[in-house]
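> Sequence lines, in order, name chains A and B. Mapping to this note's numbering: the first sequence position 26 is 26, numbers consecutive. Mapping to this note's numbering: the second sequence position 207 is 207, numbers consecutive.
Some clues are possibly wrong.
Straight-line C-alpha distance at most 30 Å; calculated DSS-like pairs for lysine-lysine [as the list claims (entries may be wrong)]: (1) 153/B x 274/B; (2) 132/B x 68/A; (3) 96/B x 42/A; (4) 167/B x 96/B; (5) 207/A x 222/A; (6) 238/B x 227/B; (7) 96/B x 132/B; (8) 167/B x 207/A; (9) 160/A x 238/B; (10) 132/B x 263/A; (11) 207/A x 17/B; (12) 17/B x 42/A; (13) 42/A x 132/B; (14) 179/B x 96/B; (15) 263/A x 160/A; (16) 275/B x 160/B; (17) 42/A x 15/B; (18) 160/B x 179/B.
It should be emphasised that the hints constitute simulated quantities derived from the structure, not laboratory data.
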Amino acid sequence: MGNHSSQNKGDISRNETGETSKKSFFSFSYRTWDSIFRSSLKISAVFLFLLIGAMIVSLIIFSFPVIKQTGLKILYGTNWDPGNDEFGGLPFIAGTIITSVLALIIAVPFALSVSVFLGEYFRSGPLSTIVNAAIELSAGIPSIIYGAWGLYVLVPIVQKRQASMDGDAIAFGVSILSASILLSIMIIPFAASISREIITMVPQDLKEASYALGSTRYEMIKNVAVPYASSGIFAGLLLAFGRALGETMAVTMVIGNLNEIPKSLFAPGNTIASVIANEFAEASDLHISALTEIGLILFLLTIVIGFLGRMIIVRMSVK
Amino acid sequence: MVEIQKKRIPWNLIKDKLFLSIILVLSFLILVPVIWILGYIFYEGFSYVNWSLLIGDERNGGILNAIVGSLIMVIVATLFAVPVGVLAGIFLSENKQSRFAEIIRVLVDVLQGVPSIVIGIIAYVWIVLPLKSFSAFSGALALSIIMLPVIIKNTEESLKLIPGLLKEAAYSIGAPYHKVIIDIVLPACLSGILTGILVAIARVFGETAPLLFTAFGNPDLQFSLFKPMEALPPLIYKYASSPDTDMIHKAWAASLILAVIVLILNISTRLVIKKLKR
């Protein structure tokens, strides 16, 4: 029955278009093609679902051996000694959070002023083209190039500063501070481009109402535009923070790779991503399992941060 | 009365001007690192880019193995990611309300946020461990997973821009679903999809972290997908961290080449967007 009707449909289209060769070439009828197409759409979506599910499951399965042996010590242990099966991940978790928070603190004033600059003062024109080009360029530079530049330019500068501050201590240059500065340079364009979008969304009526009450542009931005856009700006910063958490290469090259909880800004340290980058290729057995486990922790951390950020943005755009 | 007005300092106007100048200064300060970085790699790298670097593999003092390896892995990754990504993007834009599509959308967002080093671990666990060898294939898999969310989102966004009227017109003259999508909708937003693919390629071309323990690196020029393979970013990492000045020079030359490739990809993306807008 179904076959018959599809046969008919094929006949009709052949008569109408006059393409007699078409049907003999594609031996399927239109209806079959249609269902093939529909199911391939669905299959790709299901595939995606399975892919991401399998990613999470395999991370969990792979970190299981070390969880069984040491429990949740990776969250609070401070001693990382793969040779003796000691896997305390606190130095890395601390390093990750300290560098990312510092990077965010450095980035906030720049990201905010760029977004006000592009979203309010100069929406178009040569000045905005220049700043926009800079944002896009710096977003496009691969992180390995940031890392190499950081190692050969930024680290010596930090080292000099440190040496001039206290002459006795050995100045490494590779440190939490170098990593944070480099990270902030990398996340500024990201944070700025999100908050620019949000600041552009502030309704014109609100701004005009504020001007009508006699406020200057600065007062309007301070009292109307930024408060209106605040949650969106916050979300943008959160997403940038998530970026900083997972950034690997640039940090690995300038942080010094020392498996200790950093005691000062100038002390070398390690982040989750950088310790994985450093040790994974040479690791075996339980060590790999432990690295996978802190990878899982990093994964969960970025998921939570990203989720919060996106939820706020979605809520903003609904409003 | 007149005297009071004369004496009053217009603080609000001064603050306004001050604010604007702070904004200007901070905004233009972000130009500094970009110019510094690009200028520095050009200055350090340009004199070391020469033919012997481009046509020899690592054993002969060149970086050809890395350039070819990068190209091979990115092409293979693109071949994996484009069909799945475009189809999934179409699925998402065609099923706006369904619960399943909503879940997929969230998962794509999650995937976009996953640090690339974690994706490297996944490729290691899935491919390198079972095959017991580092391989270009595992590197390409990691890169394709990184590409997927970018392609999906761009496809979905550009399909959303297609007016419903266009599709309805096609349906009304009796076109079946797949014809509407393939012959009407896809050509109309081809440049949008192409942009997504180019952005994804530009992004993975510079990826280092997921390749460190999947493709691993190889001093020889080789084309097999199931052997270790070098790529440009890991090579820069290796060379830049070495104490040997000759290697550091090569690292800058390689950085310059990588930056130029990524820049060209970004510029062509912008050209495609311009064409789309016109």
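> Hint by hint, note whether the structure agrees.
Each hint, compared with the structure:
1. Restraint check for residue 153/B and residue 274/B: the C-alpha separation of about 19 Å stays at or below 30 Å, so the hint holds.
2. Simply put, residue 132/B and residue 68/A have alpha-carbon atoms about 25 Å apart, close enough for the 30 Å limit, and the pair holds.
3. For the suggested pair residue 96/B and residue 42/A, the alpha carbons sit about 13 Å apart, so the restraint of at most 30 Å is met.
4. A hinted pair counts as satisfied when its Cα atoms are at most 30 Å apart, and residue 167/B with residue 96/B qualifies at roughly 15 Å.
5. A hinted pair counts as satisfied when its Cα atoms are at most 30 Å apart, and residue 207/A with residue 222/A qualifies at roughly 11 Å.
6. With a C-alpha separation of about 19 Å, the suggested pair residue 238/B and residue 227/B falls inside the 30 Å cut-off, and the hint holds.
7. With a CA separation close to 43 Å, the supplied pair residue 96/B and residue 132/B exceeds the 30 Å bound.
8. Between residue 167/B and residue 207/A the CA atoms are separated by roughly 39 Å; this puts the pair beyond 30 Å, and the hint is violated.
9. Proposed proximity of residue 160/A and residue 238/B is supported: the alpha carbons are some 25 Å apart, at most 30 Å.
10. This hinted pair does not check out: residue 132/B and residue 263/A have alpha carbons roughly 40 Å apart, beyond 30 Å.
11. For the given pair, residue 207/A sits about 18 Å from residue 17/B by alpha-carbon distance, which is consistent with the 30 Å threshold.
12. For the given pair, residue 17/B sits about 57 Å from residue 42/A by alpha-carbon distance, which is inconsistent with the 30 Å threshold.
13. For the suggested pair residue 42/A and residue 132/B, the alpha carbons sit about 34 Å apart, so the restraint of at most 30 Å is broken.
14. A hinted pair counts as satisfied when its Cα atoms are at most 30 Å apart, and residue 179/B with residue 96/B qualifies at roughly 20 Å.
15. Between the alpha carbons of residue 263/A and residue 160/A the distance comes to roughly 19 Å, so the proposed pair stays at or under 30 Å and holds.
16. With a C-alpha separation of about 18 Å, the suggested pair residue 275/B and residue 160/B falls inside the 30 Å cut-off, and the hint holds.
17. Between residue 42/A and residue 15/B the CA atoms are separated by roughly 58 Å; this puts the pair beyond 30 Å, and the hint is violated.
18. In summary, the hint linking residue 160/B to residue 179/B is supported, as the alpha carbons are separated by about 18 Å, within the 30 Å threshold.
When each numbered hint is compared with the structure, violations occur for hints 7, 8, 10, 12, 13 and 17.
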